[in-house]
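Enquirer: Start from chain Y and add chains S and H according to the hints.
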Amino acid sequence: MKRATLRNAALGALAGAGLLTSAACGSGFDDKPAAPAQQSTGPASLQILIGSSGDAETNAVRQAADAWAKASGSTATVTPAQDLAQQLGQAFAGDNPPDVFYVDASRFADYASVGALEPYGDRIANSQDFYESLRATFTYDGKLYCAPKDFSTLALIVNDGLWKKAGLTDADVPTTWEQLTSVSEKLAAKGITPLAVGDTRDRIGAFMVQAGGWITSPDGKQATADSPENAKALEYVQSLLKEKFARFPKQLDAGWGGEAFGKEKAAMTIEGNWIKGALKADFPDVKYSVHELPAGPKGKGTLSFTTCWGISAKSKYKEQAIDFVQAMTTADQQMAFARAFGVMPSRQSAKDAYTAEFPGDAPFVNGAEYAQGPVNAPKMESVLADFDTGIQQLTSTSPASVLERLQKNTQAALGN
Amino acid sequence: MADMTAPAGGPVTGARRPRLSAAAREGVAGWLFVAPVVVILGLFMLLPILMALWVSLTEWNGQGSPFRAGVPFVGLDNYARLFTEESLARQDFMTSIRNNFYYVLIVVPAQTVLALGLAVIVNSRLLKGRTFFRAAFFFPSVTSSVAISVVFLFMFANSGAVSGLLNLFGIDGPQWFSDSRGTLHLLLGALGLVDPDAPPAALTDGGPFGLSWWEWLSGPSVAMTTIIMLVVWTTSGTFMLMFLAALQDIPVTLEEASRLDGAGRWQTFRHVTLPLLKPTLFLVLTLGTIATWQVFDQVYVMSQGDPAKTTLTPAYLSYKTAFRNFDYGPGTAISFVLFVIIVVLALVQRWVLRDRDAVPRPGRRTRRGKA
Amino acid sequence: MAVSIGAAPRSTRERRRTGGSAGARTLASTFAGYFILIFFALVFLYPFVIQIANSFKTEPDAATHPLSPLPDPVTLGAYEKVFLNTDLPLWLGNSLLVTIIVTVGRVFLDSLAGYALARLRFPGRAALFSAIVAVIAVPGVVLFIPKFLVLNQFGLYDSYTALILPVIADAAGVFIMKQFFESIPVSVEEAARIDGAGVFRTFWSVVLPMARPALLTLTIISFQGTWNEFPHTLVAVQSPELFTLPRGLADLVSGSLGKGTQYPLKLGAAVLATIPVAVIFVVFQRYFVRGANEGAEKG
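Residue numbers (this note's numbering), protein chains in the order written: chain Y, 9 to 424; chain S, 8 to 378; chain H, 19 to 317.
Next up, chain Y with everything else stripped away, as it sits in the complex (with noise of 0.2 Å):
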């Protein structure tokens, strides 16, 4: 038993192996994909898949969704899924996709390329009322993929509480990097932990921005990571880190810099405007203000993020799908979503009314007018979460190394 275990295991795995290998080759599996038979009159039964921020994001699509399935006679169930990428990833390879689901603009290239999604976006009624950057993100090869569900873009919030016990004013609010460095020693001078920010290029390269740098040319075409301008930003933010006036939220034992924020351990952070529905929810006591991030050598800076409501190729219902995208992107819809949970409108016909009833928010939507949006090309998923670990361990390494490093790299993914 003892010794000639794994020999006879060999064996016998070699035999069993030979056994089946006729199995398989017969088995007969589909040698073409079937074409969804399409069903595309009458009630249908979709499933949504959605990448929630949480429970009101939630119960708003939920409502949505009911409320747009009453009207057609369908059903529309809506999942949020804990982790989107990796649902959608098993449900693709699965050939049972759902009919919409939330499309990341950093995956969007991944799932166009691969023809996993609907071309449908021009269908969509008014679809030139999209804000034309978010057009540029979702569309793949000339044509406009999905219509996108709404924006956020990154602004710099603070605590007012903490921000007075400091002893700082509102003109203490700073609008450069220099002032971000010199408020943030009267904080840590209090033993305020001054800033939280996340640990990944979501966050961080707002300051590659500022710097007026990126990881990619404009067209995406050319990598231009380890350009002097990347380099500024990487060495002051280090700077901040070694200081200890930017603390990343893990070091704060938080999992996002909002949820540091509202725990008070610090009286900074750089977030989005979903931190509004957070804060609401779960440290509903704490008094924060909103601003514009500081600006950088090259001006102000910010990144914007998006999703659009994809439509899986596959789908056996896209009319009855197309029709409750168009649903849920009317300018009315959106603007109830932006109250459910705080994401501003994806079309511009809804801006006015957005800024009216949220003048707190203005600079989140001032942000849009110089927000860089993510890199939209595929393969880029690994290269940049390479890149988050440079950013990690940014006291410990030098910037230029994690640039040089984030340069090879995307060369390598783009092919240039």
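Just so you know, nobody snuck in bad clues.
Distance ranges between label pairs, derived from CB positions:
{"#": "1", "chain 1": "Y", "residue 1": "K324", "chain 2": "H", "residue 2": "F172", "range": "17 to 25 Å"}
{"#": "2", "chain 1": "S", "residue 1": "R137", "chain 2": "H", "residue 2": "F218", "range": "42 to 50 Å"}
{"#": "3", "chain 1": "Y", "residue 1": "E186", "chain 2": "S", "residue 2": "A87", "range": "45 to 53 Å"}
{"#": "4", "chain 1": "H", "residue 1": "T82", "chain 2": "Y", "residue 2": "G368", "range": "29 to 37 Å"}
{"#": "5", "chain 1": "H", "residue 1": "F172", "chain 2": "S", "residue 2": "L261", "range": "50 to 58 Å"}
{"#": "6", "chain 1": "S", "residue 1": "A205", "chain 2": "H", "residue 2": "F172", "range": "54 to 62 Å"}
{"#": "7", "chain 1": "H", "residue 1": "F126", "chain 2": "S", "residue 2": "I257", "range": "33 to 41 Å"}
{"#": "8", "chain 1": "Y", "residue 1": "E186", "chain 2": "H", "residue 2": "G158", "range": "54 to 62 Å"}
{"#": "9", "chain 1": "S", "residue 1": "A205", "chain 2": "Y", "residue 2": "F291", "range": "39 to 47 Å"}
{"#": "10", "chain 1": "Y", "residue 1": "S409", "chain 2": "S", "residue 2": "L112", "range": "26 to 34 Å"}
{"#": "11", "chain 1": "H", "residue 1": "P91", "chain 2": "Y", "residue 2": "E243", "range": "43 to 51 Å"}
{"#": "12", "chain 1": "H", "residue 1": "F172", "chain 2": "S", "residue 2": "P282", "range": "47 to 55 Å"}
{"#": "13", "chain 1": "H", "residue 1": "L114", "chain 2": "S", "residue 2": "S166", "range": "29 to 37 Å"}
{"#": "14", "chain 1": "Y", "residue 1": "G169", "chain 2": "S", "residue 2": "L173", "range": "28 to 36 Å"}
To list a few chain Y residues with every Cβ distance to chain S over 12 Å, as calculated:
{"#": "15", "residue": "G50"}
{"#": "16", "residue": "S53"}
{"#": "17", "residue": "T66"}
{"#": "18", "residue": "S80"}
{"#": "19", "residue": "K151"}
{"#": "20", "residue": "T183"}
{"#": "21", "residue": "D234"}
{"#": "22", "residue": "E243"}
{"#": "23", "residue": "R347"}
{"#": "24", "residue": "S357"}
{"#": "25", "residue": "G368"}
{"#": "26", "residue": "A370"}
{"#": "27", "residue": "Q380"}
Each computed DSBU-like pair below joins lysine-lysine, with the alpha-carbon atoms no more than 30 Å apart:
{"#": "28", "chain 1": "Y", "residue 1": "K198", "chain 2": "Y", "residue 2": "K308"}
{"#": "29", "chain 1": "H", "residue 1": "K99", "chain 2": "Y", "residue 2": "K295"}
{"#": "30", "chain 1": "H", "residue 1": "K99", "chain 2": "Y", "residue 2": "K288"}
{"#": "31", "chain 1": "Y", "residue 1": "K172", "chain 2": "Y", "residue 2": "K271"}
{"#": "32", "chain 1": "Y", "residue 1": "K288", "chain 2": "Y", "residue 2": "K252"}
{"#": "33", "chain 1": "Y", "residue 1": "K295", "chain 2": "Y", "residue 2": "K359"}
{"#": "34", "chain 1": "Y", "residue 1": "K271", "chain 2": "H", "residue 2": "K99"}
{"#": "35", "chain 1": "Y", "residue 1": "K288", "chain 2": "Y", "residue 2": "K194"}
{"#": "36", "chain 1": "Y", "residue 1": "K229", "chain 2": "Y", "residue 2": "K308"}
What the hints contain is simulated information worked out from the structure, not anything from laboratory work.
In this text the structure is predicted, and so the values were computed from the model without any measurement.
Glycine residues also receive a C-beta, built at the ideal position from the N, C-alpha and C atoms.
Expert: The following block gives chains S and H in isolation, referenced to the frame of chain Y:
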């Protein structure tokens, strides 16, 4: 049913008479008895492996079935990329190998020594409450790895129990899960041999498989040590039971004879007990090595490979590559390389075991020890 | 002195041989032994104390006094939230369903196959046994993607069948049962056979009743293994309504943005995931011990 299986099974074929011979009947029954297990293991163990072998040779993008025309066949490219090409894929893979190597290097000896030590003490005839202590040490092994990981996440949080405990002793503990510094780097720094912030160029300039020597020499990161502690804590109990069973098989007279001859407690253990435990010791080492190369649950729950990829392991990397990045080919290739690593290590250990068994007899050693 | 009573024969004999100083030494080492045992018992059990205690705490209390075994104030808030705000009742139900079916299936199928491999002569038996041993040696983690592929190909992905069928027979269980059946005397079966009972009848009403200890051991390790199973659920299902407890718990922990750390809640869910196995462990401890050692033999 008999019709279906008799021709394949029994040595007496064509026996469609109402009464089969006893031997044929037993043959048919034998195959009927094993049939469900054979079908299930065939369908869900062997067939999947074959399918995965195929996928590892393709660039299937996760859309629809991988077994149809048009899925690009790339031969051994997915494997080659892990070893030869200067790429992110190789870097990630080698990083995961490095992490897991240090993990195995610490977990296996630690859990073996702890398990053996506890077994010896629990087995001591002088102490009462053995059943309780045995149960206490074994209990962590039977609980859910996910649930336990949650508990450790809480204990090692920055304001958690472990930091609190260290504070009692005036130690300002590290920020466990966000600390990506390598412990070997820290050690070298503390000894003043190398400055971790500015490692010597000789180490950073080059190294095998896309990682610099400095990166290879990181040791497990601080974050990884929490997973190491968790796993040593959960697995020691099982191995303790194995040692305990082996200890109880050792005749009391043998140890007592040695003590009567004037050998000290340690000498008795070293020269009488330990040699008799050798088969169990090697079994524990082998099982430990095989299990530690497969660490997955804890990484999934506690760190997802973070911080800075220092808890990335091949098992988690293959999962992530396939299900997050839709690179099923490279993902399966990683899992097969892991498979080979585990089988080779197991074979090597068997081989070592066989050699050592043939060397000195326990009895001779004892006598020599006393002389 | 009280200490040495339990071990009287040995310690008195030693004292007689070497005199008083050895007695003192024995006492000292007994103390050292207990010290080590109690220290490690704390190390091995205190995390569970922390787990239970903190699940009854409020979040601020858990954050400021994580070490304290006494919640102040004691609150059931976390458990209330677990039951009302998460799908835990559903996960609990799924876990129970899957665990019970898999355990029953494994015990039945594994003992059928184990019996055949131990007692029935049929062509290919030796090869089949080697194959079973080979399957035990296959590391589980390399099967993640393969299992997903096969479930996907058969259209079983994301169903109860996917959770149950692939794990309803296991090679290690077959091995354990085969070893056991080989250890019981053949004579009883032969008597039954001579009485004219068929193979299955003999197995079912004569052999199985004798196999109770082995069946219990297998039941318990199957229950424990299936209840705690995590990676398989990761590649078998994706719909939240099919999550088992470990899968649900894992998702709760890596939860989405805005949920916060909420440790009492997570620890409460972890406590609930631990309780069934803990109860069975306390009641059937010796079968667990046997299971661990059977596991050792198979290596």
